Amino acid sequence: MKFKHKERKEVFRNDVVTVYNENLILPNGKEVSWTFTGKREVVAILALTENQSVIMVEQYRPAIRREFLEIPAGLVEENELPLEAAKRELEEETGYQANTWTKICSYFGSAGVSDGEYHLFLAKGLKKTQQHLDEDEFLTVKEIPLHDISVYDLHDPKSIIAFQYYLLSSSCCEDTNK
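To convert a position in the sequence shown, counted from 1, into the working numbering, add 147.
Calculated directly from the structure, the hints in this document are not laboratory data.
In this text the structure is predicted, and so the values were computed from the model without any measurement.
All C-beta atoms, glycine included, are put in the ideal place defined by N, C-alpha and C.
Treat the hints with caution; some may be incorrect.
Said to hold, decoys possible - Cβ pair distances, simulated, as ranges:
#1 A258 / F215: 14 to 24 Å
#2 N161 / W181: 13 to 23 Å
#3 K289 / S261: 24 to 34 Å
#4 N170 / E231: 33 to 43 Å
#5 L173 / E284: 41 to 51 Å
What the hints assert, rightly or not - List time: in silico DSS-like cross-link candidates among lysine-lysine, alpha-carbon distance up to 30 Å:
#6 K275 / K250
#7 K156 / K177
#8 K250 / K289
#9 K274 / K305
#10 K234 / K177
#11 K177 / K149
Please build the complete structure, drawing on both the sequences and the hints.
Below you can see the structure in the form of structure tokens.
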């Protein structure tokens, strides 16, 4: 199937997201207008302690108007590699550093409406340092035993995907320290 991208216009932009309207010519020749978001890359970290607990954060999410339990995550800055962003975000949000980093996977969070790519990492060998929250971040760090995670009513896709990958297969991961 061949899709032709005819024209893309930026409709809105802020620090997190850009909204585009793009004219496409479909394989059948019909022209349609497609609206989607251009989102910066996101990293998320499944941080495991020596006693097999997970470091998670609980924070208020205005879009859903409630507290949300999730693994630490954040945006990749310009000219920053996803692994560098993951290391920075883990320490900023939780006050932990990790000795061992393993790439779990990368995926597009909602390919029908966004080009935002997520990069998930497993962090082990944790050492407590100091949290460095941004002035607009208000969150609580929680340490939850991995074997209890199914008790929690998780609604965060990146957290669910990270747990599923980790629990289903450790062989899916490539060690980024090599």
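Against the structure, the hints:
Checked against the hint of 14 to 24 Å, the C-beta distance between A258 and F215 comes to roughly 22 Å, which is consistent with it. The hinted range of 13 to 23 Å is satisfied by N161 and W181, whose Cβ atoms lie roughly 21 Å apart. For the hinted restraint 24 to 34 Å between K289 and S261, the CB-CB distance of approximately 28 Å keeps it satisfied. Checked against the hint of 33 to 43 Å, the pair N170 and E231 passes, with Cβ atoms roughly 37 Å apart.
At roughly 43 Å, the beta carbons of L173 and E284 sit within the given window of 41 to 51 Å. As the CA atoms of K275 and K250 are separated by approximately 21 Å, the hinted pair is consistent with the 30 Å bound. A C-alpha spacing of about 19 Å is found between K156 and K177, which places the hinted pair at or below 30 Å, so the restraint holds. Between the alpha carbons of K250 and K289 the distance comes to roughly 23 Å, so the proposed pair stays at or under 30 Å and holds.
This hinted pair checks out: K274 and K305 have alpha carbons roughly 23 Å apart, not beyond 30 Å. Note on K234 and K177: the hinted pairing is violated, with a Cα-Cα distance of about 46 Å set against a maximum of 30 Å. A C-alpha spacing of about 12 Å is found between K177 and K149, which places the hinted pair at or below 30 Å, so the restraint holds.
In summary, the structure is inconsistent with hint 10 from the numbered list given earlier, while agreeing with all the others.
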